[in-house]
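Colleague: First residue of the sequence shown? That's 5 in this note's numbering, and the numbers climb one at a time after it.
Calculated directly from the structure, the hints in this document are not laboratory data.
One should not assume that every hint holds.
Using 20 Å as the maximum straight-line C-alpha spacing, the simulated EDC-like pairs for lysine to aspartate or glutamate come out as follows [to be verified]:
no., residue 1, residue 2
1, K285, E201
2, K396, E160
3, K285, D196
4, K109, E160
5, K393, D79
6, K278, E201
7, K278, E160
8, K41, E160
9, K110, D79
Quick caveat: nothing in here was measured; it's all calculated off a predicted structure.
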Amino acid sequence: MKNSRFKTELLKESLTESSALKLKKEILLFQPSKKIKLNYIGLFVVYFTLSIINTYLVVYIPVYLLNVLNVNRSDLAFIQVFTFSVLLLAPALGFFFDKYNRQRKKILFLSILVCILSFICTIFSGVFLYLFGSFLALNLLSNEIIKVCMSRIILESSLNEVIKDRNLIIVNISANFGGFISSIIFIILVNDIFNLELWIYFFLFGGIVILPILTALFCFDFKNTPYTHTHTRKTKDNSNKTHHFQILLLTLSYILIWSDRLYQYPLVSWITSKYGQTGLKIFSFSYVFFLLLNTLGWMIGQKISNNSKRNIKKKLINLNPDFNKQLDLDFIANKRIYAIIITNCIYILLTFLMIFSNLIILLFIYSLIWFVAGIMMLNYISLSISISKNMKYQTFSFQIFKLGLAVASVIFIPMGTFLSSFVSTESLILMVGFLSFFSLIPLFYLKHSYK
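With the sequences and hints as input, model every part of the structure.
Modeller: So, in structure tokens, the structure goes:
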């Protein structure tokens, strides 16, 4: 009788504590806080600017180097190996931010300055290939430091699945908007890709349009990031091993799905060589739609995630809130893995279809790939955040996952640039299809770890 009464009292205390915590979170969530709004504005400005830089470096600089300057592809591939290796520092940077979180405002300010200056130097030094590689490495490193700082802010502010997906949607929209602006600038300014004067105007405009990133420093409250004090988690040693294994499997799959970097650098150059400047113009116009479809994919991914959360709430009848919460998280994780597997399969099929297409069909298939990739990436990143938040060093753990993109860049971009000098782009796309297929294997093991 006493034992039964004791259990009842414990259950009441647990429910009371859970209700109080939930109420506190809800008050913070719906409070019209200027800090939270500024946080969103800061994320938008940062990722908008980084996307402009990325679009210049990934879409248009390859055309400038390979088609206009006609640089030696073997030399460029050699430089790329060392240049993109700086991306491998992401986990170390994440660990550094976990340890020295108070200094991040100063670090962010210096990184933004280096990012701006190194980007301007990079785009104007293409004639001197090794100098170009040095400035590019500096730019990639500063970009990575900025992204690690932003990752820390996103992790701290992701109180639940809804807020987490909202943060990711803001990041995606701002990034795609940056790519949109870059493409519009290119279409307006560069009528003839072999006119070096037009490229100089294009580069000058790019250097000017990234300057607003400095305003982001005034948007973040580094001393008291929103939600920082509302969510603490005690990590158990025995569960940490499982989470380490899960983040490793997810990262391995992430590396393989980013194998499309193999044809990324030669792609636009190949389109220009095969279909001329008209083909490049059509691609630049289409790139705007790629970005819009990618954003739509992210939004649909968020909608699917929200529907999954409502379904699990209807099924939960257990009175223990902690037990219910764990079921909730496991159910959502399984749903995300299912979504990743399905979108990966569609992505692989579309990749193989690219090989047998003319320009119009190729662009149509490529647009579908961007749409599917939007759904896929939302679930990849959201799942990695969920796993990371269960670990002691959250930023470090999340950067381990993001290391997948760095590894893919270091391996596949130089390899694709080198192979493109004697292997057709169609063959590179075929190789990507097979490599992407192997990304499914770690996902099946990951799904099994949640049973």
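Colleague: Run every hint past the structure and note whether it holds.
Modeller: Hint check results:
Between K285 and E201 the alpha-carbon distance is near 18 Å, which keeps this suggested pair within the 20 Å criterion. For the proposed pair K396 and E160, the alpha carbon gap of about 13 Å is at most 20 Å, so the pair holds. For the proposed pair K285 and D196, the alpha carbon gap of about 10 Å is at most 20 Å, so the pair holds. Of the supplied pair hints, the one linking K109 and E160 holds, its CA atoms being roughly 15 Å apart against a limit of 20 Å.
Distance restraint check for K393 and D79: the Cα-Cα separation of roughly 42 Å exceeds the 20 Å cut-off, and the hinted pair is therefore not satisfied. Under the criterion of a C-alpha separation no larger than 20 Å, the hint pairing K278 with E201 is inconsistent with the structure, at around 24 Å. Pair hint K278 plus E160 does not hold up; C-alpha atoms about 48 Å apart against a cutoff of 20 Å. This hinted pair checks out: K41 and E160 have alpha carbons roughly 15 Å apart, not beyond 20 Å.
Taking the CA atoms of K110 and D79, the gap is near 36 Å; set against the 20 Å cutoff, the hint is violated.
Consistency with the previously given hints fails for numbers 5, 6, 7, 9, ordered from lowest to highest.
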